[in-house]
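Visitor: One letter stands for each residue in the lines below.
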Amino acid sequence: MSGGFSEILWPVQSGLPLLLVLQLLPLVGAAVVFAFNERSTAVVAGKVFALAELLLCIVVASRIKPESATLQLAERFVPLGYHVAVDGISLVFLLVAALLTFLMTLYGMSRGMISPGRLFAVLLVAEAGLVGMLVTLNIAWFAAFSALELWAVTYLLRRWASSRAETQALARFVQYQAFGWALFVGGCLVLGWSHADATGGRWSFDLFDLAGTVPAGKFQTAAFYLLFYGLAVRTPLFPLHGWLPNMAQHGLIAVGPALMVGVKVGIYGMLRFVLPLTPAAVEYWQPYVVGFAMAGVFFTAALAFQQTNLRRLLAFAVVSHTSLLVIGVFSLHEAGIQGTVLLAANFGLAVTGMWFIVGFVFRRTGTTELGELSGLFERIPFLAIAFLIFGLAIVGMPGTPGFDAAHLILEASIDSFGALPTVAAALGNVAAAGFLLWAFQRAFLSQGKQGGHDVDRTMPMEYLVCGIALVAMLAIGFFTEPWLHLTETASQAVAERFAR
Amino acid sequence: MTPPLLSLLVFLPLAGAALLWLLPACAARVVTAGAMLATLAAASAVMVAFDPDGPRFQLIERVLWVASLNVHYQLGIDGLSVLFPPATALLFLGALVASWNLVHDAPRFYYSLLLLLQCATLGIFCALDTVLFFVFWELTLVPLYFLLGRWGAVAGSARVAAHYFLIMLAGGVPLLLAFVLLAASQSVPTFDLLALLAVPLPHATQYAFLLLCLIGFGVKVPLVPLHTWLPQFALAAPGSLTALLVGLKLGAYGLVRFAIPLAPDAAQDLHWLLAGLGTVTLIYGAVGILAQSNLRVALAYASICHVGLAVLGLAAFTAQGVQGAVSLLLSFSVATGGAFLLLEFLRQRTGSTDIHSLGGAAKTMPLLASGFLICGLAGVGMPGTSSFPGEFMLILAALQSHTGAGMAALFGLAIAAAGFLALYRKAFFGPVTRREVAEAEDLRPREWAVLIVLIFLVGAIGLYPSPWLEIVRPAAEAWAAGLAR
Numbered sequence: 134m135s136g137g138f139s140e141i142l143w144p145v146q147s148g149l150p151l152l153l154v155l156q157l158l159p160l161v162g163a164a165v166v167f168a169f170n171e172r173s174t175a176v177v178a179g180k181v182f183a184l185a186e187l188l189l190c191i192v193v194a195s196r197i198k199p200e201s202a203t204l205q206l207a208e209r210f211v212p213l214g215y216h217v218a219v220d221g222i223s224l225v226f227l228l229v230a231a232l233l234t235f236l237m238t239l240y241g242m243s244r245g246m247i248s249p250g251r252l253f254a255v256l257l258v259a260e261a262g263l264v265g266m267l268v269t270l271n272i273a274w275f276a277a278f279s280a281l282e283l284w285a286v287t288y289l290l291r292r293w294a295s296s297r298a299e300t301q302a303l304a305r306f307v308q309y310q311a312f313g314w315a316l317f318v319g320g321c322l323v324l325g326w327s328h329a330d331a332t333g334g335r336w337s338f339d340l341f342d343l344a345g346t347v348p349a350g351k352f353q354t355a356a357f358y359l360l361f362y363g364l365a366v367r368t369p370l371f372p373l374h375g376w377l378p379n380m381a382q383h384g385l386i387a388v389g390p391a392l393m394v395g396v397k398v399g400i401y402g403m404l405r406f407v408l409p410l411t412p413a414a415v416e417y418w419q420p421y422v423v424g425f426a427m428a429g430v431f432f433t434a435a436l437a438f439q440q441t442n443l444r445r446l447l448a449f450a451v452v453s454h455t456s457l458l459v460i461g462v463f464s465l466h467e468a469g470i471q472g473t474v475l476l477a478a479n480f481g482l483a484v485t486g487m488w489f490i491v492g493f494v495f496r497r498t499g500t501t502e503l504g505e506l507s508g509l510f511e512r513i514p515f516l517a518i519a520f521l522i523f524g525l526a527i528v529g530m531p532g533t534p535g536f537d538a539a540h541l542i543l544e545a546s547i548d549s550f551g552a553l554p555t556v557a558a559a560l561g562n563v564a565a566a567g568f569l570l571w572a573f574q575r576a577f578l579s580q581g582k583q584g585g586h587d588v589d590r591t592m593p594m595e596y597l598v599c600g601i602a603l604v605a606m607l608a609i610g611f612f613t614e615p616w617l618h619l620t621e622t623a624s625q626a627v628a629e630r631f632a633r
Numbered sequence: 008m009t010p011p012l013l014s015l016l017v018f019l020p021l022a023g024a025a026l027l028w029l030l031p032a033c034a035a036r037v038v039t040a041g042a043m044l045a046t047l048a049a050a051s052a053v054m055v056a057f058d059p060d061g062p063r064f065q066l067i068e069r070v071l072w073v074a075s076l077n078v079h080y081q082l083g084i085d086g087l088s089v090l091f092p093p094a095t096a097l098l099f100l101g102a103l104v105a106s107w108n109l110v111h112d113a114p115r116f117y118y119s120l121l122l123l124l125q126c127a128t129l130g131i132f133c134a135l136d137t138v139l140f141f142v143f144w145e146l147t148l149v150p151l152y153f154l155l156g157r158w159g160a161v162a163g164s165a166r167v168a169a170h171y172f173l174i175m176l177a178g179g180v181p182l183l184l185a186f187v188l189l190a191a192s193q194s195v196p197t198f199d200l201l202a203l204l205a206v207p208l209p210h211a212t213q214y215a216f217l218l219l220c221l222i223g224f225g226v227k228v229p230l231v232p233l234h235t236w237l238p239q240f241a242l243a244a245p246g247s248l249t250a251l252l253v254g255l256k257l258g259a260y261g262l263v264r265f266a267i268p269l270a271p272d273a274a275q276d277l278h279w280l281l282a283g284l285g286t287v288t289l290i291y292g293a294v295g296i297l298a299q300s301n302l303r304v305a306l307a308y309a310s311i312c313h314v315g316l317a318v319l320g321l322a323a324f325t326a327q328g329v330q331g332a333v334s335l336l337l338s339f340s341v342a343t344g345g346a347f348l349l350l351e352f353l354r355q356r357t358g359s360t361d362i363h364s365l366g367g368a369a370k371t372m373p374l375l376a377s378g379f380l381i382c383g384l385a386g387v388g389m390p391g392t393s394s395f396p397g398e399f400m401l402i403l404a405a406l407q408s409h410t411g412a413g414m415a416a417l418f419g420l421a422i423a424a425a426g427f428l429a430l431y432r433k434a435f436f437g438p439v440t441r442r443e444v445a446e447a448e449d450l451r452p453r454e455w456a457v458l459i460v461l462i463f464l465v466g467a468i469g470l471y472p473s474p475w476l477e478i479v480r481p482a483a484e485a486w487a488a489g490l491a492r
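Top to bottom, those sequences are chains A and B. For what it's worth, our numbering labels the leading residue of the first sequence as 134, then goes sequentially. For what it's worth, our numbering labels the leading residue of the second sequence as 8, then goes sequentially.
Bound-form chain A, shown alone:
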């Protein structure tokens, strides 16, 4: 029983179990960096490992055949239920995760954090968690890696928080995430149980096995709700986003939020596990999910307008556009899913870039209150323009990956829901443009009270971090073809389960 999935084992495509190396490298890196302790070599080692992981991801991308719908480079170790493989969709997420981690190591340096060695070690552990989630085909392993990553982020928040209210933010974060994780694990258990029921007591959490024994009726609905809401907390989807604004405002500025929302593992989890494992429930609940997501786009956009803190505002921007991604996933349409994957990568890059810039601004001014920022454009024009371009990418400006992606989602949305909801969703995007521009104006363009002359000029490392993110963004934006090619067949394979 493989539930419609097929795979190509790794020896066919490469001489090495690449995915195993991909998962172990950050862990080894974390151990090495940890061993160096506070020596300056730790920092260098952290960067080297992050870069090596990024290069390895590129090697993996060059090995797979995107035009085939099968999962590739598969590795299995049955006694532990270890089962990994990648396709076009997971590769996009993997590349984003590796790129963002590498940028974070550069960023961490330029911000001048305390004990950077320890920070990098934890960062690499978090990366290992992310990579593990993105390559595994075993839903229990997914949950385990998710726990690993959450632990790493919690530790980061505890140790490197940037404001006094951190404990409150931390408590909220742990409560929400633990609850979401528990829901997800509950969902896994329901699925595993029903598999055991169907096969006479043999438990399994493997995607291939589970897809062959999809539970019927109420159990499927229960599994769907547990998994979906577990991931929705993580994603975060309105109205389960309560942890993010506090964490964004009080936690470590860029690294924490970027790890949690830069790589949209929640969306990935829905595509990889929820859609194939509970197809009937997905189709049944589709209108409700989409309705909530629509409301979320506008409600959070309205909340974003109320914010006086740049970091909180960005947090609401994330919630608003995540709703758009969920609409894309639940269009259950190949173009919509392909658009969602690209848009998720686009949002991840753009929002992380914006968060970096907020971090740079915080280092100069010691505040992210919009009322206290002004006239930054005169002193750091490059960062200001980068901020605006990232903002425009979120809105789907032509020339950024958001454009083709939004285009695909619109097409799918017209097909699945008709014109009116589509227009509404697109207008939600314009609302996002509204608050991002408004924030940009207040922070960067408004006339300064104190003149802003004590603000440092842009530093080389800042040029590098934002420059890499910008180049990656615009390069994908103007040459979308390879990315569309990479994700096309895999998206079709996901959508095929929902014949219409």
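A portion of the hints provided could be inaccurate.
With beta-carbon atoms standing in for the labels, derived distance ranges [unchecked claim]:
#, chain 1, residue 1, chain 2, residue 2, range
1, B, 111, A, 435, 38 to 46 Å
2, B, 162, A, 435, 23 to 31 Å
3, A, 551, B, 491, 53 to 61 Å
4, A, 198, B, 211, 21 to 29 Å
5, B, 44, A, 554, 44 to 52 Å
6, A, 590, B, 452, 35 to 43 Å
The set of hints was computed from the structure by calculation and includes no laboratory data. Don't be surprised by glycine CBs; every beta carbon is placed ideally from N, CA and C.
Given the coordinates of chain A, assemble chain B onto it according to the supplied hints.
Guide: Okay, now just chain B, sitting in the frame of chain A:
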């Protein structure tokens, strides 16, 4: 293999912008001037290379851009669009001269934005693929936002810039939707305008497409009631920028190029809607002039008024109508653009373009006053100026197809002319009351040069219009023939 003339034209400004950053900041405006002159030369070369009696679309360049979406990088021009690039190049050159001494902070940034805007504008006129067109269309917003937000003429200009940006972005939503709808209606989704023109759309899709386009382009045109951004923009922006925005009628061009030819049946069924919108816009603009005391805002209303006339003429769906519309739009680039530039010169001297703080300006600035009169008269369609042929054809077309609306349009134009002359009298004649006006100096040689070129064009096209009209005519006839059912 012919050289890719249109790509050269579109990307010359961008190359200039890149060059800016390699050279020291003090050379910025000279480099910009060089790039704009080169662009003007390229635009002229395109005009010469274009054969009005040849095939409809010429100088076509086509490269596959995004294969899986079937999007092409496709440029090309026909008789309706070939005159727009030279007008664009000329107007940008004028705008550069008008702001020659004004840009002191971050000049390289300012000039590269100006060049980027020029690149996007030229791209709009040359694009023959709906996605490419949309890319250029949205790309104009970024430079405009920065130019207005950072170098605006008044304190609140950043807010106006954001307002403009958001309205235009919201206008882009129906437009993108229209193009996606269009592509999805084909058996093989395509964004290629030439292919789309060849296959008629299903009837129901045409209505949706036309209405979405009317909203999307109507915001830019601007058609009443989507016009609210223009007067405040005209007030907040420096004159050179307003000249570019108002002088280049991108919205009306979009209606001519995409909305009507791609949905011919729906457009002809809804002729009353187009004609009605045109008439309302015309009358509204004309009456709006009467209520203004600021010359810049009045000029913005005058342009609303004329573009209403162009839409009314288009609603006749005849070759005469579209020929008139295109020539009026072109004349507008020169005349209204010129008038805005002159107002910018005036604002630099007196600090205001409000009639209450002018009065008697003709005494101290006779050249400026007479130049403004000529451009202004061209703006209200005086015989002998470049606007007259186009206006005449439009009125004729309107009277034949919608007689009542045509009569109303005549009446509206009379109001507009009267309103303009009344404002002109108050601003430029009468006793000099203010010190700024009394001490103002007349046009400098650099400004003179701009004026001479513009006035020469206004007069020359007005007195001997046939060569220009002949370039447009074959394409206009093909356009009208394409609508026949």
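Visitor: Within 38 to 46 Å: is that where the Cβ-Cβ distance between residue 111 (chain B) and residue 435 (chain A) falls?
Guide: holds, 40 Å
Visitor: Range hint 44 to 52 Å: satisfied by the CB atoms of residue 44 (chain B) and residue 554 (chain A)?
Guide: At 50 Å between Cβs, range holds.
Visitor: If you check the beta carbons of residue 162 (chain B) and residue 435 (chain A), does the distance land in 23 to 31 Å?
Guide: holds, 28 Å
Visitor: Starting from the hint 21 to 29 Å, judge whether the C-beta atoms of residue 198 (chain A) and residue 211 (chain B) obey it.
Guide: violated, 42 Å
Visitor: Is the hinted range of 53 to 61 Å satisfied by the C-beta distance from residue 551 (chain A) to residue 491 (chain B)?
Guide: violated, 33 Å
Visitor: Between residue 590 (chain A) and residue 452 (chain B), does the C-beta distance stay in 35 to 43 Å?
Guide: holds, 40 Å
The structure fails hints 3, 4 (numbered hints given earlier, in ascending order).
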